[in-house]
Amino acid sequence: MSGNSARGNIENARGEGQFAEALRSAIRSSGLSLDRIQARLRARGTPVSIAALSYWQSGKRQPERTDSLTALGELETILKLPAGSLLALLPPPRPRGKQAAAVQPVTETVRFERDTLLSLLAALGAPEALDQEQQLTLVGLHDRCQLGADGGQRSITTRAVFEARTDGQDRWLLIYNSDDPSAGPPELTTVRNCHLGRHQVDTANGLMVAELMFDQPIRRGETYLIEYELENAGPPYPTCNRTHWREFRRPIREYLLEIHFNSATVPGRCQQFARPAGQKHPRMRNLTLDACRSVHAVAIDFGPGLFGIEWE
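Heads up: the sequence shown begins at 14 in this note's numbering, then just goes up one per residue.
This list has only true hints and no planted wrong ones.
Label pairs and their in silico Cβ distance ranges:
(1) Arg-55 <-> Glu-200: 50 to 60 angstroms
(2) Arg-282 <-> Asp-228: 37 to 47 angstroms
(3) Arg-282 <-> Asp-192: 13 to 23 angstroms
(4) Gly-197 <-> Ala-64: 46 to 56 angstroms
Just so you know, these hints were derived from the structure itself, not from any lab. Beta carbons are placed, not taken as given, at the ideal position from N, Cα and C, and that holds for glycine.
Please work from the sequences and hints to get the whole structure.
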């Protein structure tokens, strides 16, 4: 089958074994044997044993190590799948020994203890939110981060564009994690096309979850734009460790990040960084401050992975 048909199989995968199901379907559609796939992976410098490939498509194991995740990216190319499509279907790594309590990526934006977030979601009344199939595709995202005179994070204004995968989508779950829990939670204000629904705050961990309710439900294939703002009390403003980033668990077509500095905190150097999932080291690029004391970075067709800006 063509690449588009394989993509349809990816998008239609469901349930806990969706990664294995999607991989089996893609291999079957490609017409390639595991021997031939193994040979092509080896030729690309990312060898994987036939046994491992068999385990992956049967659901007995999943790629978790860095070299396996890198090979998975090459496998998507070999099977003519969209970049990141298989990776996006992987569940969180399975706990092993002392790593059972390790921090795992659970959303597209932050890293923290999964149990902490699950408790907060249960209090919200949405205990199954993390494990439910995503019915909204994040098409585009624009973060505008404003820093205060002390270098802390004064506010973040976000515009997000979604595309519905099924009819009746009427909300987006916002999960925000602060670098400085002692500063208290930011004030969440809805700006355009949405209003605040249920919300919960864990002040000890600097974690907030909130439902942003659309002004009207949208149907499959429709897009929807919302805008909201997170504003911190200050000064002093919460520390942000001289960086702002997002973690994307699924591919996004466009992410625009702006950092606006106060005249008292203009940095000596700014860099954007991008670290696709499975890569050890980020790709760095120097950024130039504009006349408004701002820098920006754009990620096109990025993810899964980390993308952000850091400064000195």
